[in-house]
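Asker: Chain order of the listed sequences is X and D.
Sequential numbering of the first sequence, starting at 0, is according to numbering that gives the first Met the number 0.
Sequential numbering of the second sequence, starting at 0, is according to numbering that gives the first Met the number 0.
Hints in this document: simulated from the structure, not taken from any laboratory.
Keep in mind that the hints are not guaranteed to be accurate.
[As the list claims (entries may be wrong)] Here are the simulated distance ranges between beta carbons:
id, chain 1, residue 1, chain 2, residue 2, range
1, D, D191, X, V236, 43 to 51 Å
2, X, S375, D, E147, 33 to 41 Å
3, D, V123, X, D406, 55 to 63 Å
Here the structure is a predicted model, which means the values were calculated and not measured.
The beta-carbon is built from N, C-alpha and C at its ideal position, and this holds for glycine as well.
What follows is each chain in one-letter form.
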Amino acid sequence: MSRGPAFLRTTTFRQTLLSAALFALSSFIILAFVYAASAGMTGRRADAAIEEELQTLEAQFQAGGIRSLNRYILQRTVGGGADYLYLLVHPTGRTLSGNLSVLPDVEPDEEGRLEFIYRRPRAIGTEETEKDDRAARGRLVELTSGYRLFVGLDVDEEYQLVSRMLSTILAASALALALGVAGGVFISRRFVARLDSINEVARTVRAGDLKRRAPRTHSGDELDELAENFNNMLDRVEALMHRMRQTGDSIAHDLRTPLTRMRNRLDEALREEGDLDAREQALERAVSDTDEILGIFNAILSLSRLESGESRKALVELDPAEIADDLAELYEPVCEDEGLAFDAEIERGLALRGDRGLLSQALANLLDNAVKYTPSGGAVTLRLRQTGEGLVEFSVTDTGPGIPDADRERVVQRFVRLDNSRSQPGSGLGLSLVKAIIDLHHGIFQIDEGPGVVEGQHGPGLRAAMVFPSLPRGSA
Amino acid sequence: MRILIVEDDREAASYIRKGLRESGHVADHAADGEEGLEMARAADYDVLVVDRMMPKMDGLTMISTLRGEDDRTPVLVLSALGEVDHRVEGLKAGGDDYLVKPYAFAELLARVEALARRRDPETVRTKLVVGDLEMDLLARTVVRGEEEILLQPREFRLLEFLMKHSGQVVTRTMLLEKVWDYHFDPQTNVIDVHISRLRSKIDKPFPRSLLHTVRGAGYRLQA
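Work out the full structure, taking the sequences as your base and the hints as a guide.
Answerer: Written out as structure tokens, the structure is:
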């Protein structure tokens, strides 16, 4: 189905066309108004001059009667150089004087005004042409005793000027319309071409080439902005795809190990035909391997939900001290059992907007890490305080080995496990989960050194802090 | 106890059924929500174990229909959806407890038994007694034999939960959910540590132990 060239269907073309038409119409109206005004003025000026001359002639008639008037007209018209057209007619219809041969064959209006074409008398020996038909207007008045007097003016030049003006106006309007249409075609073709280039990129990307980007003009106009947004979206899509692939690889890697182990155990159990004890032991360990795998799965799921913003929690105003108190109470005996000194410094009267379950989970994660990595004899401190204006900080400080500066950025990535932690149980997702929970609360995650090397310990320690925007003090 | 399992996955259903029977319960199976609804109406069950996502009628619709008919049989909801909002949905529909798949059978059994207990007429009890251990819920005191035992507030709540479910297995996850109101699994053995603290107060000084560890499942308080 053919619907004509693409640019004809664009909004731009239609709008340009519409504005061109509007522009042509409005300039036509303005010029028509100018025309009407100047045409009317030409007529009025001629009429005023005619009126003045008529008054002179009537005064002449009043003063000296018909003879005086006749003489006056003769004087004026002798030699053919008169400004006005005159005609004095006897009551019988006979022409007495004047430079017009007969009264124009036009019916005057009630004031005696009339417009007509007359033939200009020619100098003897010159050809008469069409050009000698000239426009004129004048007024016919009835004098006393049946004499009639006509005074007129040749307005041919003025009329021609006005009519030239009219054709100019029409031509100008037509030109404006034509230019508008041409402009519309030009602009919309350019528009279509730029849109097409973006559409083309969309098609290539859909076909699988995620690297393609829409061309930018950097002019900052709407199409450029569209291209920019489009490109940003593609960047995000590409990053997500990349992360998905990476996660897939990591899942495969991290699950393969426990899955292989479990498979081997089950296989072994199958072959331990006689030894029931060994068989049971192998099965039990296989179950605990399964639990580990399920744990990793669950962590991956929660993390994906948190990161995708799929489960947007309703954050409510809460007292962070309650969260810290509960976790301090939960972990203090654990630390004690591990031979760690536990201390909680919890500031009261703070408030923040958050989800109790998630914040507790994040804090529990940091405490788990501190307990796991700090050697016996060390210390773990849970701290809640206000840091600066409008900020609340939960932190867990330990005296363990710490995390080297270079690795601090890396540890929050999924499945990143530092070499010295490989031997510890864990999915490598804990800190990613903490980071995702912090992001959901618009907070920041800080990892730095703990209290420095403590006697009997093997590293500078670690301070992991979650900093959140706080609500006004004591409003919780 | 008579238990109805409403679960469309036959393998999962027969796993639960076998386990429940081995633990001395009678278990029936319905393969979808509609069948489950009919069976629950026809017979008097002590507990319903209902899968959330099923063909024909999903579990939550089935539960709210039953509740609409004023059937107050305790329901344990099974679901692969484990977010807090999902839990809240399940409990709002009329479920009494919510267990996220996959789960260990011991966990399911412990929860089913805890739910059946809840069915007993809810008399307002002010005193819990297990053997020679007594808890006064009003005075908030605990006495074993002649001796008063001083407990921290959380230890008191932990013991209260154990005493209310005396004779039953309670799992670590149940304790974390019901006593601490946490729905995540800490990496460290926090619950074990707290149990061992409690044990040192209520059991150690006495010749007979009341708080037992059930291997692979959890704990049981029993005289």
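Asker: Give a verdict on every hint.
Answerer: Hints versus structure:
Taken as a hint, the range 43 to 51 Å holds for the pair D:D191 and X:V236, whose Cβ atoms sit roughly 46 Å apart. Under the hint 33 to 41 Å, the C-beta atoms of X:S375 and D:E147, about 34 Å apart, fit the expected range. For the pair D:V123 and X:D406, the beta carbons lie near 57 Å from each other, so the given range of 55 to 63 Å is met.
Taken one by one, the earlier hints all hold for this structure without exception.
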